[in-house]
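Chains as they are written, first to last, in our numbering: chain E, 231 to 561; chain V, 231 to 561.
Among the hints, erroneous ones may be present.
In silico SDA-like cross-links for lysine to any residue, where the CA-CA straight-line distance does not exceed 25 Å [said to hold, decoys possible]:
#, chain 1, residue 1, chain 2, residue 2
1, E, Lys299, V, Gly418
2, E, Lys417, V, Lys297
3, E, Lys241, V, Met231
4, V, Lys354, E, Ser350
5, E, Lys234, V, Asp300
6, E, Lys526, E, Lys299
7, E, Lys369, V, Gln544
Rather than coming from a laboratory, the hints here were simulated on the basis of the structure.
Letter by letter, the chains look like this.
2 protein chains.
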Amino acid sequence: MTIKYNNVYIKNTATIAGIYEANGPLNKYFDKTYTNDLYFGEDTWEKAEIKLLKDTIKLLLKKEKVKDKDIDLIISGDLQNQIAASDYAIRDLDIPFLGIFNACATISEALNIASTYIDSKKIKNCICTTVSHNMSAEKQFRNPTEYGTLKPETSTFTVTGAASILLTSEKTKIKITSGTIGKVIDKGIKDVNNMGAIMVPAAADTIYRHLSNLKIKPDYYDLILTGDLGKYGKKILINYLKEVYKMDITNNYNDCGTIIYDTDKQPVIAGGSGPACSALTIFSYIYTKMKNKELKKVLIVPTGAIFSPTMFFQKETIPGIAHAISLEVVE
Amino acid sequence: MTIKYNNVYIKNTATIAGIYEANGPLNKYFDKTYTNDLYFGEDTWEKAEIKLLKDTIKLLLKKEKVKDKDIDLIISGDLQNQIAASDYAIRDLDIPFLGIFNACATISEALNIASTYIDSKKIKNCICTTVSHNMSAEKQFRNPTEYGTLKPETSTFTVTGAASILLTSEKTKIKITSGTIGKVIDKGIKDVNNMGAIMVPAAADTIYRHLSNLKIKPDYYDLILTGDLGKYGKKILINYLKEVYKMDITNNYNDCGTIIYDTDKQPVIAGGSGPACSALTIFSYIYTKMKNKELKKVLIVPTGAIFSPTMFFQKETIPGIAHAISLEVVE
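Bound-form chain E, shown alone:
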């Protein structure tokens, strides 16, 4: 199932990034960066993450000179248990809220839901937003950071940042033209340090369904962009699509995890991950490229490994999911 949209446009975005992201190749595309530490003036990492998310929403409202009560709906999710970053950032806003969880595929789930609400004229506008924080994610999902545990080279590095987008029914230069909702796919991988490989089958299934449902070839898009497969996952996806689906995306494919960082020079192992990885990359760099018409048709496919430490300790494998959204410049 791929849904077509006729009345959904990007009004504006707001992005705030942390140190590693500010030191990466996308620095000049972010609205705001932090360069001192990862606390941002708060006393815990979780509160720092809440602050990032709240600030990016406020920045978006400020850029558009609107108040929270002018917004019909906000859709948000994050990696904290109970999506606490979203809940606590949004409690100070007077906007109806849908809380979602799809790990690092959060922003594409949000964009799919928001597009349906706007296209069906149920609402006029919607903010979609997400956040991740390297330290709060390490603490919750991996090892206490004080351990200084060494990591395999297929590990990814959780992006610290928040990114918000305002979608509207009012015509702008960039349109959301269609979307494909992903399925939960689990091919039996248990390696928590190889999330890229875990997400590949879900990404491949969604890309294949999106293109075949719309009866278009990969080269319809200037760029097909996955979320956070990282430098190894990226290669696996290209081969997987060739082998399983006889589809070649070599010439117009990239992954946000390898765009947001310089994986050769920065200490980020296989590249960026976390829900903010794709949201930050798309709402800053890709959005600018599209406004400048350097990219005209982009299929974004944020990917998520739905990793539960509890299920992992119970010897379970890790499922993945990926949702697609098609962005097109309107002439």
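Mind docking chain V on chain E? Use the hints.
Okay, now just chain V, sitting in the frame of chain E:
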């Protein structure tokens, strides 16, 4: 913002309940009950919870004589971190998936999203489902159950069960006529043993906005039904609506937490809670009453306390949320 729906109907439901629920007043309304233990043949509580959810979806498909590939979309959420119960139950199904988190308000968030997708003709049908498990919730949110910690009388008791509903654009006798998405509201309460009080302001705000947006009075409905405020929260809501909104719901109001159990006779303290509390009650008992035309117009308002143990340990207060959905018998 209240959204009206014209083409969304309830096709069928499926409900599976645990021991305490089987021993309660709704026993005869459940499709299936467990009466031995809370493991249901699995070796952990989390896996038992996954089994409940998966079985209720399969039961719904079986009742309707359809396969998973006949379903356009499934929306699910639960209390496990990373909504693991939903992720792991749904990985075996060939259905596009939207994962949501809104604690015990999960099912009303799902119904709102599903109704928008169906009403706008983007899809033809959608399963909304949720689950909760007393033991996995106690383990994750409260005290190790082995402690046998005594609880204050305002505590609620997490319902063990799963409930699924199939919504469709095909006309049936029960229609979803409108919905109101809730806001995150935090009035500064920190008492984890008084979730009812925490959720009252959110429930009141949603009920008030729903009725005033539609320009109807509380007596438009045969029943206004909150999710899991429990016997104390219920009284607080009645008074709060009177005092703050000058609105009287005394005559046609009840709470699922006090319907699913006999709070005078069963060891459930102030009543039921958990996302399955309202979903089980509505999809079994209320659904039957509506099919029999004993109730013709019901406003369901599942409520959620968005409780994060991490934020609680960081001295934060607890926010609440409530979404409303209007169910009406079509003559």
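Here is what the structure says about each hint:
1. E/Lys299 <-> V/Gly418: holds, 22 Å
2. E/Lys417 <-> V/Lys297: holds, 22 Å
3. E/Lys241 <-> V/Met231: Holds, at roughly 21 Å.
4. V/Lys354 <-> E/Ser350: holds, 14 Å
5. E/Lys234 <-> V/Asp300: holds, 20 Å
6. E/Lys526 <-> E/Lys299: Given that 25 Å is the threshold and the Cα spacing comes to 33 Å, the pair is violated.
7. E/Lys369 <-> V/Gln544: Holds - the C-alpha atoms of V/Gln544 and E/Lys369 are around 15 Å apart, at most 25 Å.
When the structure is compared with the earlier hints, a violation turns up for hint 6 alone.
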